[in-house]
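Student: If you want the building blocks of each chain, they are given just below.
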Amino acid sequence: MTDMLTPVLTDMWDVEQGWKLAPYESKGGYAALDIAFGMSQDDVITAVKDSGLRGRGGAGFPTGMKWSFIPQDNPRPKYLVVNADESEPGTCKDIPLMMGNPHVLVEGVIISSYAIRANKAFIYIRGEVLHVIRRVQAAVEEAYAAGHLGKNIHGSGYDLDVVVHAGAGAYICGEETALLEGLEGRRGQPRLRPPFPAVAGLYASPTVINNVESIASVPAIVKNGAAWFASMGTEKSKGHGIFSLSGHVQNPGQYEAPLGITLRELLDLAGGIRHGHEIKFWTPGGSSTPLLTAEHLDIPLDFEGVGAVGSMLGTRALQIFDETVCVVRAVLRWTEFYKHESCGKCTPCREGTWWLVQALTRLENGQGTEADLDQLLDQCDNILGRSFCALGDGATSPISSSIEHFRDEYLAHLAHGGCPFDAARSTAWAGTEVSA
Amino acid sequence: MSTQPIDEKTIAELREIAARYPEPRSGLLPMLHLVQSVQGRVTPEGIEACAAVLDISAAEVSGVATFYTMYKRHGVGDYHVGVCTNTLCAVMGGDEIFARLKEHLDIGNDEVAVQRQGDSKTVSLEHIECNAACDFAPVMMVNWEFMDNQTPESAVQLVESLRAGHEIQSTRGPKLCTFREAERVLAGFPDGLVDEGPTAGPPSLVGLKIARERGWTAPDAPTTPAIEAKESDQ
Numbered sequence: 006m007t008d009m010l011t012p013v014l015t016d017m018w019d020v021e022q023g024w025k026l027a028p029y030e031s032k033g034g035y036a037a038l039d040i041a042f043g044m045s046q047d048d049v050i051t052a053v054k055d056s057g058l059r060g061r062g063g064a065g066f067p068t069g070m071k072w073s074f075i076p077q078d079n080p081r082p083k084y085l086v087v088n089a090d091e092s093e094p095g096t097c098k099d100i101p102l103m104m105g106n107p108h109v110l111v112e113g114v115i116i117s118s119y120a121i122r123a124n125k126a127f128i129y130i131r132g133e134v135l136h137v138i139r140r141v142q143a144a145v146e147e148a149y150a151a152g153h154l155g156k157n158i159h160g161s162g163y164d165l166d167v168v169v170h171a172g173a174g175a176y177i178c179g180e181e182t183a184l185l186e187g188l189e190g191r192r193g194q195p196r197l198r199p200p201f202p203a204v205a206g207l208y209a210s211p212t213v214i215n216n217v218e219s220i221a222s223v224p225a226i227v228k229n230g231a232a233w234f235a236s237m238g239t240e241k242s243k244g245h246g247i248f249s250l251s252g253h254v255q256n257p258g259q260y261e262a263p264l265g266i267t268l269r270e271l272l273d274l275a276g277g278i279r280h281g282h283e284i285k286f287w288t289p290g291g292s293s294t295p296l297l298t299a300e301h302l303d304i305p306l307d308f309e310g311v312g313a314v315g316s317m318l319g320t321r322a323l324q325i326f327d328e329t330v331c332v333v334r335a336v337l338r339w340t341e342f343y344k345h346e347s348c349g350k351c352t353p354c355r356e357g358t359w360w361l362v363q364a365l366t367r368l369e370n371g372q373g374t375e376a377d378l379d380q381l382l383d384q385c386d387n388i389l390g391r392s393f394c395a396l397g398d399g400a401t402s403p404i405s406s407s408i409e410h411f412r413d414e415y416l417a418h419l420a421h422g423g424c425p426f427d428a429a430r431s432t433a434w435a436g437t438e439v440s441a
Numbered sequence: 003m004s005t006q007p008i009d010e011k012t013i014a015e016l017r018e019i020a021a022r023y024p025e026p027r028s029g030l031l032p033m034l035h036l037v038q039s040v041q042g043r044v045t046p047e048g049i050e051a052c053a054a055v056l057d058i059s060a061a062e063v064s065g066v067a068t069f070y071t072m073y074k075r076h077g078v079g080d081y082h083v084g085v086c087t088n089t090l091c092a093v094m095g096g097d098e099i100f101a102r103l104k105e106h107l108d109i110g111n112d113e114v115a116v117q118r119q120g121d122s123k124t125v126s127l128e129h130i131e132c133n134a135a136c137d138f139a140p141v142m143m144v145n146w147e148f149m150d151n152q153t154p155e156s157a158v159q160l161v162e163s164l165r166a167g168h169e170i171q172s173t174r175g176p177k178l179c180t181f182r183e184a185e186r187v188l189a190g191f192p193d194g195l196v197d198e199g200p201t202a203g204p205p206s207l208v209g210l211k212i213a214r215e216r217g218w219t220a221p222d223a224p225t226t227p228a229i230e231a232k233e234s235d236q
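Chains A and B supply the protein sequences, listed in that same order. Throughout, the numbering used here is defined as the position within the first sequence, counted from one, plus 5. Throughout, the numbering used here is defined as the position within the second sequence, counted from one, plus 2.
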């Protein structure tokens with residue numbers, strides 16, 4: 006029986022100066038390199054396939070399969086790009102991972118690049134996290150100095166260079182083809198697929214783009230074996246993953262557990278909902294994943310379990326909201342975010358997110374009629390699935406799911422002539438200053 | 003704040019950034035960060051310099067510079083203060099913090115507060131989107147360093163300390179540097195502050211702490227790695 010929490014990537018986080026090479030190596034770090042170099046590249050890909058590792062950036066595509074799509078008969082250089090543009094609202098796992106354990110990412114980059122036969126890799130980190138960028142920059146430098154990067158790594162004959170690249174503030178660059186545009190020095194606007202990046206990615210060359218946590222999971226798979234990784238998790242969602250609890254819980258934070266743990270179990274570990282309150286709604290994997298409610302506390306948090314109740318596992322970004330929170334206010338704010346971050350390329354998303362904000366603002370202010378709800382859903386229908394990337398789709402998720410679960414609350418705004426909630430009751434300090 | 007010219011040293015560094023990449027244009031984002039580190043914002047002169055180094059038009063550089071929110075067309079303060087007002091932080095109090103700071107500094111979004119007599123440094127204010135620290139909500143950023151778990155009172159105190167020129171430590175990082183110094187790190191020129199701050203902040207450690215207390219770990223690794231075993235079977 007696997008333990009309820011399984012620290013692997015987080016295991017360095019309580020180590021003094023855990024971001025440095027020496028403590029990482031003293032815990033067995035970089036030992037997976039020689040194991041990997043002793044294997045053929047295809048065997049490394051097979052091991053990652055066999056492990057069942059699925060992309061940790063939200064979509065859950067099998068990582069090893071993604072790697073196997075790289076056409077090795079293509080004469081152009083191959084590239085590995087790490088998506089470290091963590092920006093999905095609620096998602097806060099890759100940032101502490103790179104802050105506390107950057108070397109596991111660098112080691113993963115080396116093994117993954119070796120497997121896909123890339124000699125150049127890029128780590129694209131969102132620009133708004135200065136200290137995280139320092140830590141990754143330094144880890145790469147230390148890895149070069151120790152001979153883990155550069156020419157003829159560990160005498161294997163394999164060469165790899167890594168560039169740490171800072172973004173400049175654009176949620177859309179978390180979308181992999183927009184990220185490539187940013188990395189090519191352009192506006193971050195998604196590309197039409199096909200061709201997929203595996204065939205024509207960075208500089209129109211075969212490119213693998215993986216999330217930080219996916220790449221960081223690779224060294225332990227190589228070191229401990231695919232079966233070890235697959236012994237954690239559920240039938241189709243294998244391995245460990247970092248679950249991020251935020252909002253109205255007693256102890257918000259990071260919990261690394263096998264996929265398939267439930268929110269009820271996580272809330273138990275987190276000390277429950279803040280005292281005197283109860284859960285109202287939550288996101289399983291960021292704001293782009295449809296909202297769930299108290300009736301979903303026992304679903305397994307794996308790709309299938311969350312999918313079966315009409316949402317998505319996403320990035321395991323569990324934002325918890327108690328009964329003091331107005332769902333219309335929450336959804337309006339997310340919608341304003343999508344409006345701000347829409348890159349402007351596709352009309353349904355560019356125009357649609359503006360319409361959504363207008364409609365929701367009216368409803369939050371208690372204006373309009375019940376028919377406006379149906380119009381809002383109709384607008385969502387005209388955005389969903391009609392653009393190059395999933396940003397517009399994500400914008401509709403909180404709206405349609407909140408109307409599904411909380412239609413009466415929207416109507417209460419109309420009956421009340423405005424928002425019936427007191428925002429002050431939701432704050433972190435509510436009840437601390439006055440106890441009346 | 004004075005605007006230094008883009009001199010030969012900066013041009014050389016712009017070229018150095020472009021040379022990190024197989025195709026020079028890939029350097030444009032960090033190059034624009036470097037421009038901000040020298041001039042405090044993306045100036046027409048900086049745009050021309052990037053265009054010249056990359057041999058592309060100024061319009062192309064401008065198109066990129068206007069797309070990304072971290073590039074500023076107008077100057078910001080020595081300390082650029084961001085308040086997360088995305089849903090989670092907003093609900094946890096970010097809205098109240100942002101409102102209080104606007105009132106206290108007497109400015110709107112994306113504006114620079116007046117430098118009063120006696121202020122040694124300037125601050126600017128912006129509401130920001132999710133900065134990936136939701137377990138530390140409500141979150142503020144100063145020059146893109148984390149200032150976790152803020153309240154309206156702590157936020158006011160923070161901006162006053164910054165204006166007074168006091169030394170302030172990020173809650174998960176080093177002593178705060180200026181906006182221009184921060185931009186230089188983003189351009190890929192480390193400042194030697196990497197070893198300051200903790201490995202992780204308290205919320206990052208809650209799960210790990212429970213695992214340590216209860217003796218929970220990932221499964222033991224097989225003594226013979228499965229991969230090698232599989233190969234020797236063949």
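What the hints contain is simulated information worked out from the structure, not anything from laboratory work. Among the hints, erroneous ones may be present.
[As the list claims (entries may be wrong)] Here are the simulated DSS-like cross-link-like pairs (lysine-lysine), alpha carbons at most 25 Å apart as the crow flies:
{"no.": "1", "chain 1": "B", "residue 1": "Lys123", "chain 2": "B", "residue 2": "Lys74"}
{"no.": "2", "chain 1": "A", "residue 1": "Lys32", "chain 2": "B", "residue 2": "Lys211"}
{"no.": "3", "chain 1": "B", "residue 1": "Lys177", "chain 2": "A", "residue 2": "Lys350"}
{"no.": "4", "chain 1": "A", "residue 1": "Lys25", "chain 2": "B", "residue 2": "Lys104"}
{"no.": "5", "chain 1": "A", "residue 1": "Lys344", "chain 2": "B", "residue 2": "Lys74"}
{"no.": "6", "chain 1": "B", "residue 1": "Lys211", "chain 2": "A", "residue 2": "Lys25"}
{"no.": "7", "chain 1": "A", "residue 1": "Lys344", "chain 2": "B", "residue 2": "Lys211"}
{"no.": "8", "chain 1": "A", "residue 1": "Lys156", "chain 2": "A", "residue 2": "Lys25"}
[Said to hold, decoys possible] Residues of chain A clear of chain B, computed beta-carbon distances all greater than 12 Å:
{"no.": "9", "residue": "Tyr163"}
{"no.": "10", "residue": "Pro199"}
{"no.": "11", "residue": "Pro353"}
{"no.": "12", "residue": "Asn387"}
{"no.": "13", "residue": "Asp398"}
Beta carbons: idealized from backbone N, C-alpha and C, even for Gly.
Student: For each hint, tell me whether it holds in the structure or not.
Tutor: Hints versus structure:
1. Between the alpha carbons of Lys123 (chain B) and Lys74 (chain B) the distance comes to roughly 19 Å, so the proposed pair stays at or under 25 Å and holds.
2. The hinted pair formed by Lys32 (chain A) and Lys211 (chain B) meets the criterion: a straight-line CA distance of about 18 Å does not exceed 25 Å.
3. In summary, the hint linking Lys177 (chain B) to Lys350 (chain A) is not supported, as the alpha carbons are separated by about 40 Å, beyond the 25 Å threshold.
4. Our distance criterion of 25 Å between C-alpha atoms is broken by Lys25 (chain A) and Lys104 (chain B), whose separation comes to about 40 Å.
5. At most 25 Å may separate the alpha-carbon atoms for a hinted pair to count; Lys344 (chain A) and Lys74 (chain B) meet this at roughly 20 Å.
6. For the hint linking Lys211 (chain B) to Lys25 (chain A), the alpha-carbon distance of about 21 Å falls within 25 Å, and the restraint holds.
7. A C-alpha spacing of about 39 Å is found between Lys344 (chain A) and Lys211 (chain B), which places the hinted pair above 25 Å, so the restraint is violated.
8. With a C-alpha separation of about 22 Å, the suggested pairing of Lys156 (chain A) with Lys25 (chain A) holds against the 25 Å cut-off.
9. Non-interface status of Tyr163 (chain A) relative to chain B is upheld: no Cβ of that chain comes within 12 Å, the nearest being about 18 Å off.
10. Its beta-carbon lying about 22 Å from the closest one in chain B, Pro199 (chain A) satisfies the requirement of being farther than 12 Å from that chain.
11. The claim that Pro353 (chain A) lies off the interface holds: its Cβ sits roughly 20 Å from the closest Cβ of chain B, which is beyond the 12 Å cut-off.
12. Interface exclusion of Asn387 (chain A) from chain B stands, the closest Cβ pair being 24 Å apart, more than 12 Å.
13. With a least CB separation of 18 Å from chain B, Asp398 (chain A) remains clear of the 12 Å interface cut-off, as annotated.
Hint check: violations occur at hints 3, 4 and 7; the rest are consistent with the structure.
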